[in-house]
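With these hints in hand, go ahead and build the complete structure from the sequences.
Plus 2 on top of the position in the sequence shown (first one is 1) and you've got this note's numbering.
Rather than coming from a laboratory, the hints here were simulated on the basis of the structure.
Treat the hints with caution; some may be incorrect.
Between beta-carbon pairs, the in silico distance windows are [stated by the list, open to error]:
1. 192 - 39: 33 to 41 Å
2. 9 - 185: 40 to 48 Å
3. 205 - 145: 39 to 47 Å
4. 147 - 45: 31 to 39 Å
5. 142 - 205: 43 to 51 Å
6. 121 - 76: 54 to 62 Å
Everything numeric in this text was worked out from a predicted model, so none of it was measured.
Each residue gets a CB set at the ideal place from its N, CA and C atoms; glycine is no exception.
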Amino acid sequence: MRQQPRRLTVGDTTTIVQRVAVPAGALVQPQAPTDTTMATLLGPPSVTREGDSVRIAYRVTVWAPGQNTLTIPGAIVVRLDGGIDTLPDARVPLNIASVLPTGRPAAQVAPKQARPWVARADRTFLPWAIALPLLLVVGLLAWWHRRRRGPAAPAIAPPAVPPVDAARLAGWIAAGESRLAVLHLEAALRDRPEAADWCAAVATLRYAPEADGDLHALAASGMMLLAGGAQ
3 MRQQPRRLTV
13 GDTTTIVQRV
23 AVPAGALVQP
33 QAPTDTTMAT
43 LLGPPSVTRE
53 GDSVRIAYRV
63 TVWAPGQNTL
73 TIPGAIVVRL
83 DGGIDTLPDA
93 RVPLNIASVL
103 PTGRPAAQVA
113 PKQARPWVAR
123 ADRTFLPWAI
133 ALPLLLVVGL
143 LAWWHRRRRG
153 PAAPAIAPPA
163 VPPVDAARLA
173 GWIAAGESRL
183 AVLHLEAALR
193 DRPEAADWCA
203 AVATLRYAPE
213 ADGDLHALAA
223 SGMMLLAGGA
233 Q
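What follows is the structure, encoded as structure tokens:
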């Protein structure tokens, strides 16, 4: 685990890179840092395969000055055989410099005076006089090009979604990975009218941090709905 080698100050953005060895074909799902008061994640982490390992890049903005340790939960690895592993947590040391003057308490630092208002520029319609004819010409060219192309080609139907492997789902549920099983069951049952109430319950509990018991019950009822539709 490493970060960009430069001194950071409060509010700076940096990239934290983690490389982990995973089996070929395994799916890696990184997790966000837990302490958002120390660092904020800017978008989903980037995952790139590099030979026999995976490179995970976290783009974060740091907030807490001083010597700190940022904890990043271990990534979840889903192997091709359906097995699931959780990697150990990563701890990244951060040395963040404050933007306040040194040697004075923060409460005694007076804010700078407000900058003067910027004078408003004179209004003119010259940009509109130039842009409107250009827009009209572009619109006419687009209309003429569309008439030359003729009617649009018929849309190609999307490929059918492969059936869910019920045996693999049952193995996940037995291994305690009900949350993962529920996600796959929802993809298979979302278009079935008889599963509308079940999908609504999944949407309510999907991201609940302490809903493992309810998700286990939802996974069991989802397997029954899946088996009923397959008959």
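* **Hints that the structure is at odds with (numbers, increasing)** => The structure conflicts with no hint, since it agrees with every one listed earlier.
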